[in-house]
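Spelled out from the first residue to the last, the chains are:
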Amino acid sequence: NAGVTQTPKFQVLKTGQSMTLQCAQDMNHEYMSWYRQDPGMGLRLIHYSVGAGITDQGEVPNGYNVSRSTTEDFPLRLLSAAPSQTSVYFCASSYSGQDFSGANVLTFGAGSRLTVL
Amino acid sequence: TQLLEQSPQFLSIQEGENLTVYCNSSSVFSSLQWYRQEPGEGPVLLVTVVTGGEVKKLKRLTFQFGDARKDSSLHITAAQPGDTGLYLCAGRHYSNYQLIWGAGTKLIIKP
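Heads up: the sequence lines are chains G and V, in that order.
Take 1 as the starting number for the first sequence in my numbering and just add one per residue.
Take 1001 as the starting number for the second sequence in my numbering and just add one per residue.
So that you can see chain G by itself, here it is in the shape it has in the complex (with noise of 0.2 Å):
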């Protein structure tokens, strides 16, 4: 059971240049959603889906675009890298994004590691 897959772990770029993060789930999760944290900042919400074909924006959205073609997969691209988007990126899952009770757990990846020059 792999649970919540980011790849790649590690990426450098170059400002301007494109490149997208992806992410998979094998638990049939409804929500996914896209993170990054930087130091002191905690975790800040980039983009998130509630079902293949929905998605909106979160805290922090511009520079970042995402789609959700399908349950499992949800990629995030960044179009023009900037350096303040030097950060650890996040993909996370629940089974629902409309959960109060508390039940609803975050299942996260390991994370990626982004340094834009």
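What the hints contain is simulated information worked out from the structure, not anything from laboratory work.
Please note that the accuracy of each hint is not assured.
[What the hints assert, rightly or not] Calculated cross-link-like contacts (lysine to any residue; reagent style SDA-like; alpha-carbon spacing at most 20 Å):
1. G:Lys9 x V:Pro1039
2. V:Lys1106 x G:Ala110
3. V:Lys1106 x G:Asp38
4. V:Lys1110 x V:Arg1060
5. G:Lys14 x G:Arg68
6. G:Lys9 x V:Lys1056
7. V:Lys1056 x V:Leu1046
8. V:Lys1056 x G:Asn104
[As the list claims (entries may be wrong)] Rough simulated footprint, nothing fancy, chain V against chain G, three-plus residues with beta-carbon under 8 Å:
9. 20 to 30
10. 71 to 82
Glycine included, each C-beta is placed from N, C-alpha and C at the ideal position.
Go by the hints and put chain V onto chain G.
For chain V alone, kept in the frame of chain G given last:
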């Protein structure tokens, strides 16, 4: 802006000591979760608290949800080097289903 403030930001103590980490907000949460993150890995859920005043224990870790559901604490008894990591709290609001994250407490337990 909805804020969840964690304190302290950094804590380094000797093995065997006790410690408490706090998570505070002016907002009311429907539930609050605590995660632990180790270097090079993603956060992993430790516990979810749902009811005001609720106390949950996980071996030497005790989690409490405030009566007003605005704050939470994590107490570790007789800390061990294996407790080292980044501890994150995350609250879920009634008004939407997104999690609000604290900035984390970096805990180092020295042998």
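Status of each hint after checking the structure:
no. : hint                  : verdict
1   : G:Lys9 x V:Pro1039    : holds (13 Å)
2   : V:Lys1106 x G:Ala110  : holds (18 Å)
3   : V:Lys1106 x G:Asp38   : holds (13 Å)
4   : V:Lys1110 x V:Arg1060 : holds (17 Å)
5   : G:Lys14 x G:Arg68     : violated (27 Å)
6   : G:Lys9 x V:Lys1056    : violated (35 Å)
7   : V:Lys1056 x V:Leu1046 : holds (10 Å)
8   : V:Lys1056 x G:Asn104  : holds (17 Å)
9   : 20 to 30              : violated (count 0)
10  : 71 to 82              : violated (count 0)
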